[in-house]
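Peer 1: Please model the entire structure based on the sequences and the hints provided.
Chains as they are written, first to last, in our numbering: chain G, 1 to 394; chain E, 1 to 113.
Read the hints as simulated data drawn from the structure, not as lab findings. Treat the numbers as computed from the prediction; the structure is a model and nothing was measured. Fair warning: there could be bad hints in the mix.
[Stated by the list, open to error] Calculated lysine to any residue pairs in the SDA-like style (CA-CA distance at most 25 Å, straight line):
(1) Lys51/E to Arg99/G
(2) Lys246/G to Ile236/G
(3) Lys51/E to Met84/E
(4) Lys251/G to Gly55/E
(5) Lys191/G to Arg109/E
(6) Lys246/G to Cys45/E
(7) Lys251/G to Arg109/E
(8) Lys246/G to Pro56/E
(9) Lys246/G to Gly55/E
(10) Lys251/G to Leu104/E
(11) Lys51/E to Ile100/G
(12) Lys251/G to Gly81/E
(13) Lys228/G to Ser182/G
(14) Lys246/G to Gly78/E
(15) Lys246/G to Gly81/E
(16) Lys51/E to Gly104/G
(17) Lys191/G to Asn164/G
(18) Lys101/E to Arg64/E
(19) Lys51/E to Asp172/G
(20) Lys251/G to Leu76/E
Spelled out, the chains give:
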Amino acid sequence: MMRFAHTLLAAAAALSALAGCATPTMRGTGDLGVIIERASGRVQLVDTSARAAFGSVPGLGDLSHASVVYSRDARYAFVFGRDGGLTKVDLLNARIERRIVQSGNSIGGAISQDGRLVAAANYQPGGVKVFDANSLELVADIPTVYGSSGARSKVVGLADAPGNRFVFSLFDADEIWVADLSQPARPQVQKFSAVGRAPYDGLVTPDGRYYLAGLFGEDGVVLLDLWKPERGMRRILNDYGKRGEKLPVYKMPHLRGWAIANGRAYLPGVGRHEVLVVELTSWREIARIPVQGQPVFVMARPDGRQVWVNFAIPNNGTVQVIDAMSNQIIRTLAPGRAVLHMEFTPRGEAVWISARDDHRVLVYDTRTLEPVATLPAENPSGIFFSARAARIGF
Amino acid sequence: MRHARLAVVVATALAITTARAAADDPQPSRERELVRLVRQDCGACHGMTLKGGLGPALLPDALRDKPAESLRATILRGRPGTAMPPWQGMLSETDADWIVKYLLAGFPREAVR
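Peer 2: In structure tokens:
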């Protein structure tokens, strides 16, 4: 009898494990995250304390350029796929909560200050769509029509800002728009035009005050003070790129609030083997750090003491670590082939790095700069931890 | 699912083999590298399914009216004034011709690893 009960129990456990919907154990989500398996339309769910995967959620569509924001309770990951898919993944139950296909082609998204609205930045048709974070029902549609032809611009650099605002750049229109969604169904959009040619991405500083957009079509960076938007756009770093010849840009750099460290912004040089260091508030360039390739992600450890950099093809097998006190490179690492992304744990004792062509994610100790764990993953790209839930501009 | 994918790969491989009448195609190992490069790295802008992104779609329908010669030139020399870089530092003319041929015919998927 005892033996029979045992067998039954085992069978039940096996069944629920098979179904992938085991009864969730009581736990928090603050140390969890997802790894995008870009070619498989799937995310791995990971535990940054255990340094292990605990689940896998398939069926997310084309994740060739995927990004993630988190619900403010850090339980749900909103995954934006290339094919316009927006999938709400429940970390605790390891399953899809809701999924919609909201456009033909999407680049990323943001979540509002109050956590009630999720906004998607779309290429096709160009614009921003805003959804209820619970139901994923459409709340507002902001087509990025510009000029007189009725054409719609691709949207890049979408970030949240205090006041339930979303700020984003119009790649084709050279404009930056600030949408106030304090009344969600009636967005108030403030438009700034002729900001500079082809803004390629943008960031909101961690205090929510400044929006910075990098320019692809010309030299310079555009700055908007969200505390004083009436002052308009300001160009900074205008001479950036004028010295020496630019290289072909094999991959667009990415900007986000992670670039801020030690009172400075560390920005990827476009078409250059350089990281640009800009002093906050004076917005003067104070250093250029030569690096091994064209930077894609330039990310500060959460305490700002180190800045980690990865690179575009063909130098995408290395990661360099900059000491933010001396602005010197203190280590060059080789995590694997095709390093696509990095993500720090909430307080930065470790960083997870995806090596797409080696099908693995490496975890580095940021003090020793040595690898401490390896996780298998199929063509891993983005890594997103739930601590993003609490960060302005993420 | 895995079998289905494998079948696609085998079919693709056969198609490639059949189409290899041209003597100046790259070596098969290079072809695999090119498939990965186009799917993964060109895919960063054009989408892994080549449906488009920051860059335009590269599916046969989208390219039908474009002469192979100009596609080859775009790959090797880029499109000044746009985000399309010149790839001649990483791709040979043979590579570019092969990519154009298969973009126009329907680009192979990556092999199951």
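Peer 1: Next, verify each hint and record whether it holds.
Peer 2: Outcome of the hint check:
1. Lys51/E to Arg99/G: Given pair Lys51/E, Arg99/G holds - Cα atoms ~21 Å apart, limit 25 Å.
2. Lys246/G to Ile236/G: 19 Å, holds
3. Lys51/E to Met84/E: 16 Å, holds
4. Lys251/G to Gly55/E: Roughly 12 Å between the alpha carbons, so the hint for Lys251/G and Gly55/E holds.
5. Lys191/G to Arg109/E: Distance ~42 Å between Lys191/G and Arg109/E Cα, so the pair is violated.
6. Lys246/G to Cys45/E: Cα-Cα ~20 Å, so holds.
7. Lys251/G to Arg109/E: 22 Å, holds
8. Lys246/G to Pro56/E: At roughly 23 Å apart (the allowed maximum being 25 Å), Pro56/E and Lys246/G satisfy the hint.
9. Lys246/G to Gly55/E: Since the Cα atoms of Lys246/G and Gly55/E sit roughly 20 Å apart, the hinted pair holds (cutoff 25 Å).
10. Lys251/G to Leu104/E: 24 Å, holds
11. Lys51/E to Ile100/G: The hint holds at about 19 Å.
12. Lys251/G to Gly81/E: Roughly 15 Å between the alpha carbons, so the hint for Lys251/G and Gly81/E holds.
13. Lys228/G to Ser182/G: 18 Å, holds
14. Lys246/G to Gly78/E: 14 Å, holds
15. Lys246/G to Gly81/E: At roughly 13 Å apart (the allowed maximum being 25 Å), Gly81/E and Lys246/G satisfy the hint.
16. Lys51/E to Gly104/G: Since the Cα atoms of Lys51/E and Gly104/G sit roughly 9 Å apart, the hinted pair holds (cutoff 25 Å).
17. Lys191/G to Asn164/G: Distance of about 17 Å is within 25 Å: holds.
18. Lys101/E to Arg64/E: 12 Å, holds
19. Lys51/E to Asp172/G: At roughly 19 Å apart (the allowed maximum being 25 Å), Asp172/G and Lys51/E satisfy the hint.
20. Lys251/G to Leu76/E: 16 Å, holds
Violated hints amount to a single one, hint 5; each of the other numbered hints is respected by the structure.
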